[in-house]
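Chemist: Sequence:
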Amino acid sequence: MSGPSDYQPSHPALKWLEQRLPIIGLVHSSFVAYPTPRNLNYWWTFGAILSIMLGVQIVTGVILAMHYTPHADMAFKSVELIVRDVNYGWLLRNMHASGASMFFLAVYIHMFRGLYYGSYKAPREVLWILGVIIYLLMMATGFMGYVLPWGQMSFWGATVITNLFSAVPYFGESIVTLLWGGYSVGNPTLNRFFALHYLLPFLIAGVVVLHVWALHVVGQNNPAGVEPKTEKDMVPFTPYATIKDFFGVACFLIFYSWFIFYMPNYLGDADNYIPANPAVTPAHIVPEWYYLPFYAILRSVPNKLAGVIAMFAAIIVLVFLPWLDSAKTRSNKYRPLGKQFFWIFVVVCVGLGYLGAQPPEGVYVVLGRILTVLYFAYFLIVLPLLARIERPRPLPNSIADDVLAKSGRKAAPMVSTVIALVAAVSLLAGSMGDARASEGQENPPSVKWSFAGPFGTFDRGAVQRGLKIYKEVCSNCHSLNYVAFRNLAEPGGPGYSPAQAAAFAAEYKIKDGPNDAGDMFERPGRPADYFPAPFPNEQAARAANGGAAPPDLSLIAKARSYKRGFPWFLIDFFTQFQEQGPNYVNALLQGYEETPPHGVTIPDGSYYNKYFPGHAIKMPPPLSDGQVTFDDGSPATVKQYAHDVATFLMWTAEPHMEARKRLGYQVFIFLIIFAGLMYFTKKRVWAAAH
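Okay, so the sequence shown: first residue is 49 according to the working numbering, each after it adds one.
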């Protein structure tokens, strides 16, 4: 039995407080005695998951903001220093970056659940509209947060998306100038976005409070879509819904932890590990995955203003959904046609997401326009029409009857058919992606790396040999701006002692000063110093290398990637494959050919490399057999050099990889045990309710 709170504190101090500020009674009535439909399924746990994720994003964001520098010249470096030098900074960054994706994943499931079960219908219109407002605020917050790392994709994503406002008649250019704080994306833009990204989550939290308030006023919807009639239809929120939410949250955290500890870059873009460069435009500018359906709608309309209107209309139409769908039956569980069209709509959304990641050309444009029409047709044509012609199945008399009934099972074949259709479409789309990825470009072969997999560790010998190759060969042109000599003696690194790291640093000359006379001078390196750059600036580097600036190698193993397509991106998720960067570096160093293939012309001053994009590379073959001699007797071959350098550069890009995987193993054991305990506790608690 459940109902209004009858909480009465026994302690005199609590009783005194309750008489003046009944906050404990409010919490008790809202989260303990609150009456909950007894037939809620696990799709309803995503409300609790979203609350947890909002808290995680706010807490990690506040801590990250303490170390972040919102300046165009220092933002990228400050993020890297957070990951490398702040205690558990890599954990905070991974939790926040992956948490954004998990937040959007949970909110999409939450919204689709609302669509399927008709949670937007009267008397819950305001509840639904507040949810749409939260979603809009999330999109704005996520976009501004994506800009803050100030990598290539961040910078150009900000440039492209903010430029859309220039399509607004009369005021467009003024809006863009206001957003930019000038006449191009730069330091004022970064400062504006940082301030708004920091403040908007607290606004989201405020609207979430209103959302929960509205929920408690009208009551929760349920899978049957019928209102409660008797006390048998309801159970107290605690312990029934609470323990179910705990189990659901534990399962979601296991999924979330997979990204934090083992696949932190799976959902990101390798270009964002390259510092923002206004002079170099990425070949294909793509927003984060959770914006892709709306990005596809934007690009499917040839007119810029019309495209912007269509993109925003795709979200605003959700506000009017309670009035567009006038069907009396809420839940699609009892609407055969409504259920089928709902799953078709899900396929349309997934298809738009796929098309948003593809180049806006050829068949992708045609498919994008078709799916855009289908997207709007679902809201503006299908739902109003179904309300008039559909004959729903009989509803249960009460929620209690729905719990005991076996209704809805006959629809399983339809769901299975839709799942099979989605799998077939994904397979076709993935095959097309594979064909495009391999067109004119050979993917590097996969190498067996010691650091791969959940228990992988760096081969200390390979890292040390790679360091020697870098010092004797690569350091003549390439810098390691984010690696300090002290890192060589830290756990998870090459395995040197502090004394060895200090001796290694002393072999370098570091420019320092000014001294008492005001002059700059050189001194031996110290462990706290960073590897010195071979050139004083980018212009000097270009002048010495035929006009091409050698990239910094600190993050090169994460800043280089290649498409693997379907089904490999699914297989990679389960096998934890994220070694595209080392594979690419290893293949590039061995991919030089003296004679280009027939029909291929290489410009003067360039060299043919079958793995380099475009095949024409300015860097001459850097390695040759016998160039570097190893003390441990390892082969002095280009193949061995390439493998060792790639291993070393993977360590420079992920110096805390071993600690990350080790902590992940411990977290997974805890979460699996916790989820098991919650499951059996839930079974025990709910046994009495059923």
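Check each hint, because a few of them may be wrong.
[To be verified] Calculated pairs, DMTMM-like style, for lysine to aspartate or glutamate (alpha carbon to alpha carbon, straight line, at most 25 Å):
1) Lys-658 - Glu-490
2) Lys-731 - Glu-173
3) Lys-125 - Glu-706
4) Lys-125 - Glu-336
5) Lys-387 - Asp-449
6) Lys-376 - Glu-641
7) Lys-277 - Glu-173
8) Lys-516 - Asp-673
9) Lys-611 - Glu-490
10) Lys-496 - Glu-336
11) Lys-709 - Glu-570
12) Lys-125 - Glu-538
13) Lys-280 - Asp-54
14) Lys-496 - Glu-641
15) Lys-387 - Glu-438
16) Lys-709 - Glu-128
17) Lys-516 - Glu-706
18) Lys-516 - Asp-600
19) Lys-557 - Glu-570
20) Lys-611 - Asp-600
21) Lys-519 - Asp-679
22) Lys-666 - Glu-520
23) Lys-658 - Asp-600
[Said to hold, decoys possible] Quick list of simulated restraints, FRET-style, between CB atoms:
24) Leu-258 - Val-365: 44 to 50 Å
25) Lys-496 - Gly-653: 46 to 52 Å
26) Phe-503 - Leu-385: 46 to 52 Å
27) Ile-619 - Ala-188: 31 to 37 Å
28) Pro-407 - Val-75: 51 to 57 Å
29) Asn-585 - Ala-425: 53 to 59 Å
None of these hints come from the bench; they were simulated from the model. No residue lacks a Cβ here, since even glycine has one placed at the ideal position from N, Cα and C.
Chemist: Look at each hint and say if it fits the structure.
Modeler: For each hint, the structure was consulted:
Using a Cα cut-off of 25 Å, the hinted pair Lys-658 and Glu-490 holds, with the two alpha carbons roughly 7 Å apart. Distance hint between Lys-731 and Glu-173 is unfulfilled; the C-alpha atoms sit about 34 Å from each other, more than 25 Å. Distance check on the hinted pair: Lys-125 and Glu-706 sit about 22 Å apart at the alpha-carbon level, within 25 Å; holds. Of the pairs offered as hints, the one joining Lys-125 and Glu-336 holds, with about 22 Å between alpha carbons and a cut-off of 25 Å not exceeded.
At roughly 22 Å between alpha-carbon atoms, Lys-387 and Asp-449 fall within 25 Å of each other, so this suggested pair holds. With a CA separation close to 70 Å, the supplied pair Lys-376 and Glu-641 exceeds the 25 Å bound. The straight-line distance between the Cα atoms of Lys-277 and Glu-173 is roughly 21 Å, inside the 25 Å bound, and the hint therefore holds. The straight-line distance between the Cα atoms of Lys-516 and Asp-673 is roughly 15 Å, inside the 25 Å bound, and the hint therefore holds.
For the hint pairing Lys-611 with Glu-490, the CA-to-CA distance comes to about 11 Å; that is within 25 Å, so the pair holds. Of the pairs offered as hints, the one joining Lys-496 and Glu-336 is violated, with about 30 Å between alpha carbons and a cut-off of 25 Å exceeded. A C-alpha spacing of about 40 Å is found between Lys-709 and Glu-570, which places the hinted pair above 25 Å, so the restraint is violated. Taking the CA atoms of Lys-125 and Glu-538, the gap is about 20 Å. The hint holds against a cut of 25 Å.
A distance of roughly 19 Å separates the Cα atoms of Lys-280 and Asp-54; the hinted pair therefore holds under the 25 Å criterion. Restraint check for Lys-496 and Glu-641: satisfied, since their Cα atoms lie roughly 24 Å apart, inside the 25 Å limit. Restraint check for Lys-387 and Glu-438: satisfied, since their Cα atoms lie roughly 11 Å apart, inside the 25 Å limit. At roughly 19 Å between alpha-carbon atoms, Lys-709 and Glu-128 fall within 25 Å of each other, so this suggested pair holds.
A C-alpha spacing of about 22 Å is found between Lys-516 and Glu-706, which places the hinted pair at or below 25 Å, so the restraint holds. In summary, the hint linking Lys-516 to Asp-600 is supported, as the alpha carbons are separated by about 17 Å, within the 25 Å threshold. For the hint pairing Lys-557 with Glu-570, the CA-to-CA distance comes to about 6 Å; that is within 25 Å, so the pair holds. Distance check on the hinted pair: Lys-611 and Asp-600 sit about 23 Å apart at the alpha-carbon level, within 25 Å; holds.
A C-alpha spacing of about 15 Å is found between Lys-519 and Asp-679, which places the hinted pair at or below 25 Å, so the restraint holds. For the hint pairing Lys-666 with Glu-520, the CA-to-CA distance comes to about 20 Å; that is within 25 Å, so the pair holds. With a CA separation close to 22 Å, the supplied pair Lys-658 and Asp-600 stays within the 25 Å bound. Distance hint check: the CB atoms of Leu-258 and Val-365 are about 22 Å apart, inconsistent with the given range 44 to 50 Å.
Taken as a hint, the range 46 to 52 Å is violated for the pair Lys-496 and Gly-653, whose Cβ atoms sit roughly 36 Å apart. At about 51 Å, the CB distance of Phe-503 to Leu-385 agrees with the hint of 46 to 52 Å. At roughly 35 Å, the beta carbons of Ile-619 and Ala-188 sit within the given window of 31 to 37 Å. Taken as a hint, the range 51 to 57 Å holds for the pair Pro-407 and Val-75, whose Cβ atoms sit roughly 52 Å apart.
Remark: the range hint 53 to 59 Å for Asn-585 to Ala-425 is upheld by a beta-carbon distance near 56 Å.
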